[in-house]
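**Student:** Please put together the full structure from these sequences, using the hints given.
Chains as they are written, first to last, in our numbering: chain H, 1 to 536; chain S, 1 to 654; chain L, 1 to 99; chain E, 1 to 139.
Since the hints were derived computationally from the structure, they do not count as laboratory data. Idealized CB from N, CA, C, for every residue including glycine. Treat the hints with care, as some may be off.
In the EDC-like style, the derived pairs of lysine to aspartate or glutamate whose C-alpha atoms are separated by at most 20 Å in a straight line are [said to hold, decoys possible]:
#, chain 1, residue 1, chain 2, residue 2
1, H, K419, S, D177
2, H, K419, S, D128
3, H, K419, S, D377
4, H, K419, S, D380
5, S, K462, S, D377
6, H, K373, H, D492
7, L, K98, H, D349
8, S, K390, S, D380
Label pairs and their in silico Cβ distance ranges [to be verified]:
#, chain 1, residue 1, chain 2, residue 2, range
9, H, R203, E, L118, 47 to 57 Å
10, E, L113, S, L625, 27 to 37 Å
11, S, L33, L, R87, 23 to 33 Å
12, S, L33, H, S32, 44 to 54 Å
13, L, L96, H, V145, 21 to 31 Å
14, H, E491, S, L622, 29 to 39 Å
15, H, A404, E, F111, 57 to 67 Å
16, H, S412, L, R87, 47 to 57 Å
17, H, T495, E, A121, 41 to 51 Å
18, H, S32, E, G109, 19 to 29 Å
19, H, T495, S, K40, 13 to 23 Å
20, H, F55, E, F36, 46 to 56 Å
21, L, R87, H, R153, 18 to 28 Å
Residues from chain L that keep clear of chain S, each with C-beta distances beyond 12 Å, as calculated [to be verified]:
#, residue
22, L12
23, L36
24, V66
25, S94
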Amino acid sequence: MSVLATLVTAAQPVPVPAPPAPAATITQPPISYPAIMPILIILGAACVGVLFEAFLPRHNRIAAQLVLSVLAILVAGWRLLSYADEMPETGTITLGRALAVDKPTLVLWATLLVLTIGALILMADRTVERGGYFVADAAVRPGTVQDRAQAGRGEMQTEVFPLALFALGGMMVFCAANDLLTMFIALEVLSLPLYLMCGLARRRRLLSQEAAVKYFLLGAFASAFFLYGLALLYGYAGSVQLSDIANAAAGTNRSETLLFGGLGLLVVGLLFKGSVGPFHTWTPDVYQGAPTPVTAFMGACTKIAAFGGILRVLSVGFGTTSWEWRGVLWGVAIASMVIGAVLGLTQTDVKRMVAYSSVAHAGFLLIGAIVLKPAGLSATLFYLVTYGFTTLATFGVIGLVRNADGEATHLSQWAGLAKRSPLVAGTMAFLLLALAGIPLTSGFVGKFVVFQAALSDGMAPLVVVAVLASAVAAFFYLRVIVLMYFSQPAEDGPTVTIPNLWTTGVLTVCVLVTLFLGIAPSLVLDWTSSGVFALQ
Amino acid sequence: MMNLSEGAESVVAASGSLGGAWLVVLLPAIGALVLLAGGKRTNAWGHLLGCATVIAAFVYGVVMFFASTGLDAGQRVQNLHIYDWIPVNALQVDFGFRVDPLSLTFVLLITGVGSLIHIYSIGYMAEDRDRRRFFGYLNLFVASMLVLVLGNSFVTLYLGWEGVGLASYLLIGWYQDRPSAATAAKKAFLMNRVGDVGLALAIFILFQQLGTTQYTEVFAAVGDGRLSSGTLLAVTILLLLGACGKSGQFPLQAWLPDAMEGPTPVSALIHAATMVTAGVYLIARSNPIYSASPDGRLIVVIIGAITLLIGCVIGCAYDDIKKVLAYSTVSQIGYMILAVGLGPIGYGLGILHLLTHGFFKAGLFLGAGSVMHAMNDEVDMRKFGGLWKKMRITFATFTCGYLALIGFPLLSGYWSKDAIIEAAFSQGGWRGWVFGGAAMLGVALTAFYMTRLMFMTFFGEKRWEKLKSTDGREFHPHEAPAVMTIPMIILAVGSLGAGAYLAINHTLVDWLSPTLGELSEAHDSPFSTPVLTTISIALMVIGVGLAWLLVGRKPVPVEKPERVSFPVRAARRDLYGNALNEVLVARPGTWLTRFLVFLDNRGVDGAVNGIAAVFGGGSGRLRRLQTGFVRSYALTMLAGSILVLAALLMVRFS
Amino acid sequence: MTPTYYLLLSALLFTIGAVGVLVRRNAIVVFMCIELMLNAVNLTLVTFARINGSLSGQVMAFFVMVVAAAEVVVGLAIIMSIFRTRRSASVDDSNLLKY
Amino acid sequence: MYETATILAQPPAPGGPGDLKSYLPLILLFVLAGAFAVFSVVVAPLVGPRRYNKAKLDGYECGIEPSPQPVVGGGRVPVAYYLTAMLFILFDIEMVFLYPFAVTADALGVFGLVEIFLFIATVGFAYAYVWRRGGLDWS
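**Tutor:** Structure representation (structure tokens):
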């Protein structure tokens, strides 16, 4: 305690400048509406969705919500594409420098929009289970008579659709945020709906609620870190603009303790969202407990948003000081890859296993994110695109394997699946190979470009670790394939539910994208390497 | 990408029928796609489609071969650009083929032997409900293998490399109801991954140093001396690690014998004739790299020599006919690796032996398959005996393969193996003696275990008459149907004549010279060629004679002697009273055999299993950290944050 | 009076909050500790606004308050629902998901 | 003696040993906090008796003993109370933005007015949802 006493008594008064009087008039910052139109459409549609919930009769809601959300995403995508043509080469910084809409932003936005359509269709599927994946009435206590009654009701909490749209809007802002405060608000806008959605599973509601509590408490804990980091950086630079922080690092008389303390805390908050080890502890529990389409949405889209944010913060805000922090993130990347690869080996639940796989993938992504060169940026973006599609499809397939109690996610229940349903087993095997990074899948090209970018930036030891980690990780994917193909099916094993056409379509598209990006990645690679972050 | 080359090579853009090389790959790929995606609808004609695509690919391969022979030597290395696979700023990976004598040779081997084995499989798999899927996997294998040999960059090679690994893995585990098959498949995948990591790292190093992985550019850069000798050595060792994994070389050989759990045509095609030779191909293909690194080559030679002896010795100890052949494969690939490790003097010889081996070993496996087919899938040679009367065609073709393998004068193996031995001796100094001696010793051992196999299977007492198979049926050995015997006969003809055709006048070596360089003449050898030949024939005769003494003269016990491997039993019975012989020959031999079997089962498997156990055990323990308590998760996060913060500040301020 | 004291106080509050998250079992108390961390940040922001002589820090504090309120609502909803199921607000009782 | 004020006003001297001083308090604070946390989490289950009781798990750990809770229903305090409290916090705090707006309303002009009405409208959507879904019914 004496240290604290020392701290307090030793403090000397410092001259404090008086705050200036507020300006007499405040000029309105210019707003480029075409640039931010996709966000406005998504968030507006989410508000309309809330009104739908308020005023539409219950039986109409699901169709109305689905149509509204998909339509909104399509319109947003259309606006996005038309803006892509007219956007200046260096991007647009708008809303008083709060948002930066540039080439990487557009890539991330487009990916998020497409994947969210897929996730929404999975969420709306009511053929695999009567009433869908979501609970009919979340307020009913699990285990009661009413709960058993609602399990058979063909209804669901349709609030998931506006919630998903809000989360999507948050993710889009998060990727484009050019200052830390906007980023923080976006972080909360994307997280709060996800916390709620995690707790809405129709079956196994105790697990689902537990996942929500854990995700919420840890998420809030992590955002407190992020926020404290923000405050320290504000103290350092006098501003939370990323570019101001970068400039301040070049010349200020403030203590660099504030800079690096702030950076460390900020990065912890971001790494948590990207489920990078050792900040991954929530991932397996939440992935397992959440309703599977929500897991798919989280696994694919949150990862993209989080790494979009990490990429921008590191390269725009802290590019000038990379020498100091890079070594630390090396360590984090290695920890993440090792944790993911090693812990994944002994998992017995498919969803947990994929969760650990996502931790390992987060490590690979982090390698790309700390390259800080155009090659690293484009490689990481490409990896995100491939990973998003593969993950969405993986969870989509996991949601189809069911028995009388709902989803059969225990690995032993997957034994001999190839005999019962060759198509689903084959699809799953292909997706697992893609996650393992076997050639002719997008996963291979993704790893390849990330590793090459890292090599060209002198990170050979990291790449060696990464190659070894991916070799270790290949075993747990292999375990599932072995189980599906080389084991006898259990007597009372699960059946594969035939999903509706829409879900089938989503899974097909994702699998085809995974294959296509493995054979001809050039289209997307051209796209991801077409521009860099706007600096201002 | 065209005409970039310099140095020794000249590469031109592919044209004419060589420009259609993609067709060779596409045909089996389409076959695989149709068969695997088509489902039950294709059951009726699936096997025919599977054969047709491979035969068509073979025909086109022959067309390309003749088109290529019509060209000048300088025109024979052709590059076929297909499309830009991964084009990002600094990184250009083209997907393209390199059609040159080396890849054409492999195309002919793969599609030729592949066609025969596809046809054979129609008969062999006739009773399998999933025959269509089997052909789908086989087609997938052929397509991947062709990508492997035709690719014009290391990345394309890696693509095929993983593809054949996958197909091999699926086929080893074909009999899903046998736990041993699943284990064997897993083991194969596991050990191959070890090798693959080596290959991947080698590719990354090449890219990092040279900024490309195209053969043309890599070889040109190596020729210009742009790699330091340390880097070169690292690349050669990592490539060799890849080769060891795929080709079942020491210390990664243990998966190959287990891989015999797969159906016999698979053993013949993938685990004898083609896929397992990919390692030899890799080293031969990378010959400019190996030529530039004598130290790297020395390691290759050492690995080859060790493997060839290990394979021979262990081959003496097994009673399982397929395992003996598998260890024989390990040992023969050891010869090939030894040969390509010798440098310019040996690249062509390695490929020559690879081709002749492809013929006779595929033939031997098909023969073994035919025997098993006749004997209710029994593999224990102790239950065979006297089969030659019952299955004359099989016996005849098997004998051809056998004679070729042991190096009977003027048959295939004789030409290729003697050339390798001669090249090994010509290394001069201790190396010549050691490697040449190892190769010589291998000849005697090969003759011994193969003769033992012949005696136990085809001669002697009909032990099966008194026995029943494990499923309670009696044995009624019979000759296989024509669809199986005809491929065997064709391969037998190859075993007899291919060596002579390819070796006399250096036909093959000259043909390969645009890729592998001119064969340098052996010199510095302590023996002249006729002397060497005589010695090696003498050793072969000794091996055969010893086998006759130990196995052929006496009845073979049906039950494997308990807890004692065969040579001990043999030594006690047949060498009784001959104490000197026992002490000098049998005992050490027994110990050596036992030791090597032990090493193989415990040591190497143990190491691999040990690594797996370390990861698995670590994983199992670390898993417990995920306690399910939110507070402990928060603690992990806080600890992580403090570490990150402390590290950041430490880096900055220290 | 120097602003440094406020910074130290806020750092202390933040630390107390963080430690509270780790050592308390009751979900509501854990949650209150997180709120404490957020409010510590507010204090930091306001102090830096004073030091920097700009108002933006104070405006940020408004945003943080609003976000914290939204978080309270979502968090309380989740904690209430699990409390009603389990009759216990101990975070240690919800550990079905593990390993 | 550590000059903590130098955290704030310090010449930009990169990496001299003198800099060590300025970050030491922060580090120490974190280390101390971390050590305390680890100590508490690790030691508590080891030395402490594991006796849960109502008082330990009670919401505020002070004041009077809560009365026994009925098995069904919302317990001592009905759920409706929590719901209302939550809604109150939410809508109450959102209004915090009206203060800075009111202070600078003149300077912001018409644009500010439009913006704040948009903001109020957004809150209105939420209000409509709560109202229509019975969040305001006390029963």
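**Student:** Indicate, hint by hint, whether the structure satisfies it.
**Tutor:** Do the hints match the structure? See the list:
1. K419(H) - D177(S): 12 Å, holds
2. K419(H) - D128(S): It holds: about 15 Å lies between the C-alpha atoms, which stays within 20 Å.
3. K419(H) - D377(S): With Cα atoms ~24 Å apart, K419(H) and D377(S) exceed 20 Å; violated.
4. K419(H) - D380(S): Distance ~31 Å between K419(H) and D380(S) Cα, so the pair is violated.
5. K462(S) - D377(S): 17 Å, holds
6. K373(H) - D492(H): Not OK: K373(H) and D492(H) at ~53 Å, beyond 20 Å, violated.
7. K98(L) - D349(H): 11 Å, holds
8. K390(S) - D380(S): 18 Å, holds
9. R203(H) - L118(E): 47 to 57 Å: This hint is violated: roughly 41 Å between Cβ atoms.
10. L113(E) - L625(S): 27 to 37 Å: With a Cβ separation near 55 Å, L113(E) and L625(S) fall outside 27 to 37 Å, so the hint is violated.
11. L33(S) - R87(L): 23 to 33 Å: Cβ of L33(S) to Cβ of R87(L): about 58 Å, so the range 23 to 33 Å is violated.
12. L33(S) - S32(H): 44 to 54 Å: For L33(S) and S32(H) the Cβ distance comes to about 48 Å; the hint holds.
13. L96(L) - V145(H): 21 to 31 Å: Taking Cβ atoms as reference, L96(L) and V145(H) lie about 22 Å apart, which means the hint holds.
14. E491(H) - L622(S): 29 to 39 Å: 34 Å, holds
15. A404(H) - F111(E): 57 to 67 Å: 60 Å, holds
16. S412(H) - R87(L): 47 to 57 Å: Given range 47 to 57 Å: violated, Cβ gap about 33 Å.
17. T495(H) - A121(E): 41 to 51 Å: 49 Å, holds
18. S32(H) - G109(E): 19 to 29 Å: Taking Cβ atoms as reference, S32(H) and G109(E) lie about 20 Å apart, which means the hint holds.
19. T495(H) - K40(S): 13 to 23 Å: 19 Å, holds
20. F55(H) - F36(E): 46 to 56 Å: Holds - the Cβ-Cβ distance for F55(H) and F36(E), about 53 Å, lies within 46 to 56 Å.
21. R87(L) - R153(H): 18 to 28 Å: 25 Å, holds
22. L12: Nearest chain S Cβ is 16 Å from L12(L), so the label holds.
23. L36: Correct as stated: the minimum Cβ-Cβ distance to chain S is 14 Å, above 12 Å.
24. V66: 25 Å, holds
25. S94: Violated, since 7 Å does not exceed 12 Å.
Hints 3, 4, 6, 9, 10, 11, 16, 25 from the list above are not met by this structure, while the remaining hints are.
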